[in-house]
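Visitor: Sequence:
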Amino acid sequence: MTPRSEAEADRVVERLVGRGRFEVVTELAEYLPMTVVSDLVGLPDHGREKMLEWAEAIWNTQGPADDRAAAAGPAVEEFMAFAVHDAVPGKIDPDGWAAQLYEAADRGEIPHAKCSAMMLDYVTPSLDTTILAITNAVALSAENPDQWDLLRADRSLIPHAINESLRLETPAPQFGRVLTEDHETGGVRLAAGSRVALLHASANRDERHYPDPARFDITRRPSDHLAFGRGEHVCVGMHLARPEMSALLARLADRVAGFGVLGRRPLINNGSRGLDRLEVAIRPAT
Numbered sequence: 019m020t021p022r023s024e025a026e027a028d029r030v031v032e033r034l035v036g037r038g039r040f041e042v043v044t045e046l047a048e049y050l051p052m053t054v055v056s057d058l059v060g061l062p063d064h065g066r067e068k069m070l071e072w073a074e075a076i077w078n079t080q081g082p083a084d085d086r087a088a089a090a091g092p093a094v095e096e097f098m099a100f101a102v103h104d105a106v107p108g109k110i111d112p113d114g115w116a117a118q119l120y121e122a123a124d125r126g127e128i129p130h131a132k133c134s135a136m137m138l139d140y141v142t143p144s145l146d147t148t149i150l151a152i153t154n155a156v157a158l159s160a161e162n163p164d165q166w167d168l169l170r171a172d173r174s175l176i177p178h179a180i181n182e183s184l185r186l187e188t189p190a191p192q193f194g195r196v197l198t199e200d201h202e203t204g205g206v207r208l209a210a211g212s213r214v215a216l217l218h219a220s221a222n223r224d225e226r227h228y229p230d231p232a233r234f235d236i237t238r239r240p241s242d243h244l245a246f247g248r249g250e251h252v253c254v255g256m257h258l259a260r261p262e263m264s265a266l267l268a269r270l271a272d273r274v275a276g277f278g279v280l281g282r283r284p285l286i287n288n289g290s291r292g293l294d295r296l297e298v299a300i301r302p303a304t
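Numbering (my numbering), first residue to last: 19 to 304.
A hint or two may mislead.
DSBU-like, lysine-lysine: derived pairs with alpha carbons at most 35 Å apart [as the list claims (entries may be wrong)]:
# : residue 1 : residue 2
1 : K132      : K109
2 : K132      : K68
3 : K109      : K68
FRET-style restraints, in silico, Cβ to Cβ [as the list claims (entries may be wrong)]:
#  : residue 1 : residue 2 : range
4  : A171      : A299      : 20 to 28 Å
5  : D28       : E297      : 20 to 28 Å
6  : P177      : T44       : 22 to 30 Å
7  : E199      : A299      : 49 to 57 Å
8  : P92       : L197      : 30 to 38 Å
9  : E250      : A83       : 21 to 29 Å
10 : D167      : T198      : 45 to 53 Å
11 : R33       : H103      : 33 to 41 Å
12 : T44       : D272      : 18 to 26 Å
13 : L197      : A88       : 21 to 29 Å
14 : R33       : R282      : 18 to 26 Å
To be clear, the hints were calculated from the coordinates, so they are not data collected in a lab. Just so it is clear, CB atoms sit at the ideal spot from N, CA and C, and this is done for glycine as well.
Assemble the whole structure, with the sequences as input and the hints as a guide.
Guide: See below:
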């Protein structure tokens, strides 16, 4: 996976840097997830052009039951139909991750009925949240040129820069959970069966844990951030996101001395947070 990500990162960064300016979301951040994820999961060609639309719809249902969530319903149903009828043995790459799910089901390790939903758990968080994370990392590097200089001087800081950008700008800021047992937190007792909101973005900016939490500092090394969740709910997509982000930041550090933000537009989505558009100009490295 890493050599593939690095080769694709070389290709896209060389093309964009040569132009002197580009739109980060559609021209840089979407490239690797859209190029790599479908191939690794082993999805059929049919439906790939709708993956971003479907993933955005899934995230719009991860929040309040408002008009935006209702409008996302048909796309979510279409995505589920694709998972059930098209992303199945005989139509998927036998060497892909989706095929491994069905093989595990054949061995009795997981129920067959869960394979389609688990396949969506590979695809959905490996697209939108990774795209948002890449975009946020570039935006923070542009806003904090001293930190970009540090990264360019010491590439061992790339993993910490990724963690720090995820901490400060968490793509999936909250999730709902149901308690399976009684629990007490902060002096508040919560009964089993209670529905709770886990505010990952709030925890990631907790001043009791991260001094000066609003500051972007790639030497902070916040490996305990909660952007990917924790425990049995940890995001499986992080194993795609990290090598993709690492490859892109390394190639950008080779070619770009600094970024200038020309324009930005926030993303409006019920379940995810970040930028829908980020236009930058670059200062080439000599």
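Visitor: Would you mind marking each hint as holding or not holding in the structure?
Guide: Here is what the structure says about each hint:
no.: 1; hint: K132 x K109; result: holds, 18 Å
no.: 2; hint: K132 x K68; result: holds, 22 Å
no.: 3; hint: K109 x K68; result: holds, 17 Å
no.: 4; hint: A171 x A299: 20 to 28 Å; result: holds, 22 Å
no.: 5; hint: D28 x E297: 20 to 28 Å; result: holds, 23 Å
no.: 6; hint: P177 x T44: 22 to 30 Å; result: holds, 26 Å
no.: 7; hint: E199 x A299: 49 to 57 Å; result: holds, 53 Å
no.: 8; hint: P92 x L197: 30 to 38 Å; result: holds, 33 Å
no.: 9; hint: E250 x A83: 21 to 29 Å; result: holds, 26 Å
no.: 10; hint: D167 x T198: 45 to 53 Å; result: holds, 47 Å
no.: 11; hint: R33 x H103: 33 to 41 Å; result: holds, 36 Å
no.: 12; hint: T44 x D272: 18 to 26 Å; result: holds, 22 Å
no.: 13; hint: L197 x A88: 21 to 29 Å; result: holds, 28 Å
no.: 14; hint: R33 x R282: 18 to 26 Å; result: holds, 22 Å
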